[in-house]
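Chain by chain, the residues run as shown.
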Amino acid sequence: MCATPLDMYLSQNGIKFEAESTANWRGYQGYWEVKGSDELGYRLYLVRLSACLKYPKRVGLDYLFPEFSNGVFAHWVTGELRCPQGKRLHYVHGGYGSTYEEDLFLSFKEGVLQGTRLVKNEPPPPRSQEDYPPYLRSGG
Amino acid sequence: MLKMIVESFYAWIYVSIGIALLAYFGINSLIEYRQSSSFLKSLQEVMGTKPSLKDQLSNIAGYFLASLIILFAWPIFISWLGIQKWKERKEQLERRKPKFYCKQEYLRHQVTTDQAERDSYITDPLGMTPKIAFGHLNKAWCTFLAELEERDELWFYEIPAGSITGKSYVPTKASMKGYARVRRNEIVGEFVYESD
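Heads up: the sequence lines are chains A and B, in that order.
Heads up: the first sequence at position 18 corresponds to 18 in the working numbering, and the numbers run straight through without jumps.
Heads up: the second sequence at position 182 corresponds to 182 in the working numbering, and the numbers run straight through without jumps.
You may find that some hints are simply not true.
[Stated by the list, open to error] Think about it this way: if two alpha-carbon atoms lie no more than 27 angstroms apart in a straight line, the pair counts; the simulated DSS-like pairs of lysine-lysine are:
(1) 109(A) - 103(B)
(2) 173(B) - 87(A)
(3) 131(B) - 35(A)
(4) 109(A) - 139(B)
(5) 16(A) - 99(B)
(6) 139(B) - 16(A)
[To be verified] On the chain A side, residues computed to face chain B include the following (Cβ under 8 angstroms):
(7) 35
(8) 68
(9) 76
(10) 77
Think of the hints as simulated: they come from the structure by calculation, not from any bench.
Glycine residues also receive a C-beta, built at the ideal position from the N, C-alpha and C atoms.
Can you build the whole structure from these sequences, using the hints too?
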């Protein structure tokens, strides 16, 4: 998922994790699920957490939510979350800049799923050296 | 004769102060230039933005004019410097102030703690949220309330999607809702309960 819906919870509670490596500066991985039924609606749940508290000590969901170690309803989430799917078409070294075959957008209102939309992506047109400023060109 | 001596004495004092100031700021500028010049030159070479002869000449002219002002109109220069320092200090204090998502324009209406808590209970059929005010955010809410002083007002706020928040110049993708602690018309704390 190309979004960090847990960040707001962490900042509200003044919690910071330690970056274990340059591959994950935020210091944690959250595992999310959309659960529910057509009658009751679908909701976003944080079902697992692997966070680096102080290297090499890792903590799980029970560290943040001691009474809800099986899952937490993310009722603070409003907005669209992007879930890339399929092959990676173009790699960008940083953030969520890479392009994948499809993007599934899940729209939530206070943690409750409102709708979804699927966007099919094309690989971005190749860029020539002239598209970059001189100091970023290769072989210069 | 005496008048002339007195006048020239004062003139010398005036000019001496100008010379002292010019020497002080000149040496400082030179040190700063030497410290940054080698890095700046290499950066300009890489970027292909080496200053032209015209740029260099206008630079020299600028320095010459500034020197004349410091030397002969130093009271004006000192006043200008004082204003600049005061502005800098003010900006520094502004930068040090804590930043909040909420800005004045997003404040909607004043509420009491009870009113805020009344509609904050979360329904979850799977029971994965506590049945307390603001659910999993209850601890953050309590921390926020603990800092609420008697003179503070509690305001509900809403930031519409696509707006600029007080923390970022990038427009928000979704709406944000929360409560702000307002003291003498200034936001001094906030609690966000809905965001992306």
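Hints and how they fare:
1. 109(A) - 103(B): holds (22 angstroms)
2. 173(B) - 87(A): Holds. Residue 173(B) to residue 87(A) sits at ~26 angstroms (cutoff 27 angstroms).
3. 131(B) - 35(A): holds (19 angstroms)
4. 109(A) - 139(B): holds (22 angstroms)
5. 16(A) - 99(B): holds (18 angstroms)
6. 139(B) - 16(A): Given pair residue 139(B), residue 16(A) holds - Cα atoms ~16 angstroms apart, limit 27 angstroms.
7. 35: holds (6 angstroms)
8. 68: holds (6 angstroms)
9. 76: OK, holds: residue 76(A) within 8 angstroms of chain B, min 6 angstroms.
10. 77: holds (7 angstroms)
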